Each structure stands twice: as C-alpha cells, then as structure tokens.
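Make a model of the complete structure from these sequences and hints.
Protein chains: 2
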Amino acid sequence: MTLPMTVPAPGLPARVRIHEVGPRDGLQNEKALVPAAIKAEFIHRLAEAGLTTIEATSFVHPKWVPQLADAEELMRLIDDVDARLPVLVPNERGLDRALALGAREIAVFASATESFAKANLNRTVDGALEMFEPVVAKAKDAGVAVRGYLSMCFGDPWEGPVPISQTVSVSRRLLDMGCDEISLGDTIGVATPGHVRELLATLNEAGIADDRLAVHFHDTYGQALANTLTALQHGVTTVDASAGGLGGCPYAKSATGNLATEDLVWMLDGLGIETGVDIGRLTAASVWMARHLGRPSPSRTVRALSQKET
Amino acid sequence: MTLPMTVPAPGLPARVRIHEVGPRDGLQNEKALVPAAIKAEFIHRLAEAGLTTIEATSFVHPKWVPQLADAEELMRLIDDVDARLPVLVPNERGLDRALALGAREIAVFASATESFAKANLNRTVDGALEMFEPVVAKAKDAGVAVRGYLSMCFGDPWEGPVPISQTVSVSRRLLDMGCDEISLGDTIGVATPGHVRELLATLNEAGIADDRLAVHFHDTYGQALANTLTALQHGVTTVDASAGGLGGCPYAKSATGNLATEDLVWMLDGLGIETGVDIGRLTAASVWMARHLGRPSPSRTVRALSQKET
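Residue numbers (our numbering), protein chains in the order written: chain G, 7 to 316; chain S, 7 to 316.
Just so you know, the hints here were simulated from the structure itself, not pulled from any lab data.
Bear in mind the structure is a predicted one, so any value in this text is a computation, not a measurement.
Keep in mind that a hint or two might mislead.
With the Cβ distance kept under 10 Å, some of the chain G side facing chain S (calculated, not the full set) [to be verified]: (1) Thr-12; (2) Phe-115; (3) Ala-148; (4) Gly-149; (5) Ala-151; (6) Val-196; (7) Val-202; (8) Leu-235; (9) Thr-236; (10) Leu-265; (11) Glu-268; (12) Asp-269; (13) Met-273.
Over the 10 Å line for every Cβ pair with chain G, so calculated as not near, a few chain S residues [unchecked claim]: (14) Asn-35; (15) Asp-85; (16) Arg-90; (17) Phe-115; (18) Ser-121; (19) Asn-128; (20) Ala-151; (21) Leu-181; (22) Arg-203; (23) Gly-276; (24) Thr-281; (25) Arg-306.
Residues from chain G that face chain S, not an exhaustive set, calculated with beta carbons under 8 Å [unchecked claim]: (26) Gly-200; (27) His-201; (28) Gln-229; (29) Leu-277; (30) Trp-294.
By construction, the Cβ of each residue, glycine as well, lies at the ideal position given by its N, Cα and C atoms.
Right, dumping it as structure tokens:
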C-alpha cells in the first residue's frame, strides 16, 4: 500500500487525538437508514483500526433524526467496544436514556449564532444554553465527561461572517457551565487559516487553553485540512473527523461533509504525528460502509487507496 | 455570493502569483477532445477573471497528446489575451514551432526519478536533461523565459519515496542549464507538509532561493491545499493550480487531479493574500468548461459556489 514518507515538522504536537464522528454526525447526514447491526459492526471496525474516541449516536427525539432512532439498540451492540463512545444528548430526558445505557461521555450542541440556534433548536442562543445547563450539571454529577459542540463558529448561512467575540463568548459560557471541551465547528466550511488562528488566539486570551479545544472542519470549500494544520500549528491536539468523509456526498453539487478521517491520518502519518490509527484498516472500514450506503466514499485518500488495493 | 471572512496570518506573502495550468495540464488529462475555439474562449475567460499566467498548450507530438494537437490553431486564437501564456515544448522542433507562433515563455519537463523519465520520456534522467539543454539555450537566446517542470519530487509509483537529495540535484541542473523557475511537482499526490518544508529548506541550503521555485500539488490524497499553505509559510510565492480542478475526475475512484484554482483562491482570499483573481468570474469560467466536458467540476469550491448561484 502507498504510504507517505514520514518527515516531521517543527512546532507540531507529537500526538493527536482524533474524535471520530462518522457513526453519529456522518450517518445522521446520510439519506440511507443504516441498520443498527451495521452501525455496530462499523464502530467495532473503527475501534479495531485504532480510533480511541468514536461518537456513537444521538439521543435526540427520533422524529428529528430518524437515522439515529436505534440509539438504545446500538448502545447494547457496542458495549464491548474498547474506545471512548460519547453520545449526543439534547435534554435531560436524552441524558437519562444515555446514562441508563451506560454512556460515560456525552455532548451537547450549542450555536454561536441566533439564526442557527433558531433553525436547529428552535431557541435563542441563551435559551439553548439554559436548556443545556441542567443536562451538563446532571452529567457532571454522574461523573460523565461533557463535550460542548459549538456550531457556526466562523460563518453562518443567514448571518454571514460570525464575529470572533461572539464565538468566544458562547465558548466561555459552555465551559463555565461545566463542559470539559469545546468542539469549534465550521458548520458551513467557510473558515480559512488566518481566521482559525485568530479565533484560537482570541480564545487563549480569554483564558481558554488549547487543551480544552477541539476543531471540527467541513470540507465544503476544500479548506478542512489546511485549517486543521493551522490549528495543530497553534497547539490544538484534538481533531474531529468522519471516517470515509461520511455525511458528505460525492455526487451532490456541494459536498458539505466533514473532514475525512483518512485524509487527516494521511497528513498526520506523513508528519510523524502519532494517532494510533492504522490507515489501511480504517480505509477498509470506510470502503465496507460505503458499500452498505451504495456509493463511493468522498474521501480522496479512501478512493486512492481502495483503487490500488482492489 | 458566499465569501470567506478576510483574516490575515503572520509569515505569509502579501501576494501570490497563480500559474494556471488548466488549459494545458488539465485538458491534457481529460478524455474529451475539446475544440480549439472552446479552449480559446476558456483562456479568454480565465484572463478576464484575473489570472496573469495561463499555460496555454503543448508542442508535444500530437501522437502523444492528441488533446493538444491543435496548438497552432489555439495560439492564433489567443494572441490578443492579456496574460503570460507559457507553452510546453519537448524538443527543438517544438520550440521552433512555439517561437514561430510568438510564444514568449516555454516550459520543459524533467523527472526526479529514472522510472518516470523512462515512462514519460523514454529516456534516463540524464538523457532527458541533455535533450532539454539545447532547447533551453535556444529559448534563452530568443529572450524567452523558461520554466522547468520537475515531476515526482516527493514520491514515484514505481520507486516509492523519492530522496530529497535526488530532487535537489535535478533542480540544480535545470537551473544551471538556464531555467528561470522550477515547478516542484507532486505528481502522485503523496506529499505532506513536513516533507514539503524539508525539501524547500534543502533547496534553499543548496543555494536555490524561494523566488526561483513554484509548487505543483496534486490532490490524490486530499493534501494539496495543506501542502500549498506550508510552501507559502516557507516563502514560496508561485503556486500552480488548475481551474475547476481540470484533469481530475470526480467519478474516478482516484481523483488524481491538480489542486483546483478556486479552492486555492478561496484560501488566499480568506488570508487577504492578493492574487488579482475574481473568484466568482473564475468559478463561472470553470462551470462553463465543465458543461462542455459534460461532467461536474471536482473542485469543492466550484461545486459549493455554483450550487448557490444557480
């Protein structure tokens, strides 16, 4: 198998933790309804490929996300997986369901903009934070780690460019409420490296250290990996990515998917940055899932490596 | 139209010259034979979008590259274009044809590896350099600028990783022969940022300054833009790219195309780096060409912007 030559660069972390979002964020955005048994097999394969954090599912009401309506069944099928398996919860009821099934990590999802808070949660930014406050408190009481997703950190389809101060302010409130980590989402993929660097620097100035931050880039304009490199150069060591680029469609005019985990691992392997991930096994897992979805992976690395292997 | 927020970053050039390779390198790798009139219209549109260097065609024997067999006709159709219009020439006969049609810039194409020199030119690395020596000398005598393309600078499909010393050595010989600029090609797309940085640093140590260098990345593994950012951080200010990602196929399992010019301009616009290019007009030109080719552009920026516009 073709692999990159390993040549480290100065000023980069020795190790990066990949927060794999394919089974949740990826499959949530696929049209196909994937059976729980297939999802469970996929999560097993991702863990066997060396991923240590795999976001498994969401305890949102099935009416809103029918793709993940099988959360209970799935949790039982993956209780032997040797990885951190965070799940998304929208409210106390979702948290109770997740805790009852043994979830040890949860994530809540806030918005940096009023327009998206309204569209996604039918609430104001403040209203959403108030909704999450008791959820986070109860999770912390139960000894469960909490991640705060923050959408629209760079731009918003209704509001345009998002002021950095606005993203910093909501990040601060999520941390103050008890979140252990903030995942900074470029939900519409408009970020560029200077913007990434400036946001991270401003978060640092506001007292939020890089080790409380993760980056979550979308490849809508092809910028996800360059932005990720910028975040690593800044000092961030947790990166969200989606195996096989799940959630982006290779045939849609606009591929709005997450950064593909394989494209990320290719770069990190080349830089000699440890992830624990075996890119061959990861690619095989993504090819396997792409077959179930009946379409090729949008990840360039998956396409290149699977062409050579088959 | 959605545009990135402009946030500069330190340590980057104020201006980048894009060496547009779509009409030559891009169309050469498309299956479709595009009529000269369409190519000419495309080049006019690219110049109107603000591109100042547009590689127009190749004076290689039509037997080898039937896609560009109309070089003479095309040159006459674009003699009013207000841009630098380099053309590829393989030998003295090609040079004579190009000069007779008024070419003011040419490019020769060498290989950093023996395997690719053999496959592409049916010569050894030395044999190819010897073939180009009189071409470069004659071009310089005619006051014509010469670019040296160097393929397989990072990895080679037959030989694997290419030693940096080998790439540096052939670069040195191309410059010594009279080339004004070397375009460092990652022909199979395997480079990663540490490798890019190390090659550039080693070239500098060998006395080759960044202003004699251009970078030419392929997106086979999704690394092209991150590698380009690394080259800009190092000090390179000339970047090769292909409008609409021409030459890469969105349906092939492996998209081996060049970096898409639009994805590059999106990043440079976001960083406030001047290129003179209007991304809207450039995208419109690529969408227009994609219609002639009967398939969507593989550029993520083109797909995202054209979805919003139409």
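What are the numbers of the hints the structure violates, in ascending order? As far as the earlier hints go, 2, 3, 4, 5, 22, 23, 25, 30 are violated by this structure, in ascending order.
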